[in-house]
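*Asks:* Whole structure, please, built from the sequences with the hints as guidance.
There are 2 protein chains.
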Amino acid sequence: MSAEWLEQVKWNSDGLVPAIAQDVNSKAVLMMAWMNREALQATLDEGRAVYWSRSRGKLWRKGEESGHVQQLREVRLDCDNDTILLQVEQVGGIACHTGREHCFFQQWQDGEWQAVDPVLKSSDEIYGKK
Amino acid sequence: MSAEWLEQVKWNSDGLVPAIAQDVNSKAVLMMAWMNREALQATLDEGRAVYWSRSRGKLWRKGEESGHVQQLREVRLDCDNDTILLQVEQVGGIACHTGREHCFFQQWQDGEWQAVDPVLKSSDEIYGKK
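As they're listed, the protein sequences go chains W and R. The first sequence runs -4 to 125 under this note's numbering. The second sequence runs -4 to 125 under this note's numbering.
Hints in this document: simulated from the structure, not taken from any laboratory. Owing to the predicted nature of the structure, the values given are computational and were not obtained by experimental measurement. One or more hints might be untrue.
Repeated chains share a single entry, so a pair holds when one copy, or any two copies, can fit it.
Cut-off 27 Å, straight-line C-alpha distance, at most; resulting in silico cross-link-like pairs (DSS-like, lysine-lysine) [unchecked claim]:
1. 5 - 53
2. 116 - 22
3. 5 - 116
*Replies:* This is the structure:
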């Protein structure tokens, strides 16, 4: 049986909730990912954002490959207990794997999704050439 | 067959994606709700946030009862096309049904979730006494 505060979260049928990361300085919404109980517990224990990777089926310590760690400043839960909001310090100023500050760089304009934010760092620079 | 831009969104197996609303002025993350194709199309057509209510099984024009409409300023899609971010003007300055500016008012402190943001308006004031 896990802690009461952990069970107050309304985990979905897969045991997950959406977790939004906001940059505590720029206030940009950086990304949305998923957490299970283990990820939320690890986030609090380690003071950094830890998500659950649905594609890889394992914990995803944000920045473990890129170095772009999200240092935890605050954790919040919404009114119906099914969405998490993290306030983070984004190390390196880049949250998105495309090398942008945040993942929401496609803006709806003139009937299509247009990439509107600059790439600050190439994938090769972030992840190293293979 | 719906429009190409609508099919670029990666709808989940229920035909939904999470949609985050951010206040364009205060930068507060106001809430997270869900959209289906019809809700996203209605949001763009009407220039206000329209979600899909999973509990009621119908479109939810945010503010239809409370008057706390979210006027649309911008719509964005994330890098893997499965999360929407809205920039909105929050009419009345209240997004949450509890009468707070935003829904993320429970902060993790000292091992529990603590309500830390003020109630600006009572439910009776928002929805009218029945």
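*Asks:* Next, verify each hint and record whether it holds.
*Replies:* Okay, the hints, checked on the actual structure:
1. 5 - 53: both (20 Å within a copy, 22 Å between copies)
2. 116 - 22: both (20 Å within a copy, 25 Å between copies)
3. 5 - 116: between (37 Å within a copy, 26 Å between copies)
Violated hints are absent here; each numbered hint is respected by the structure.
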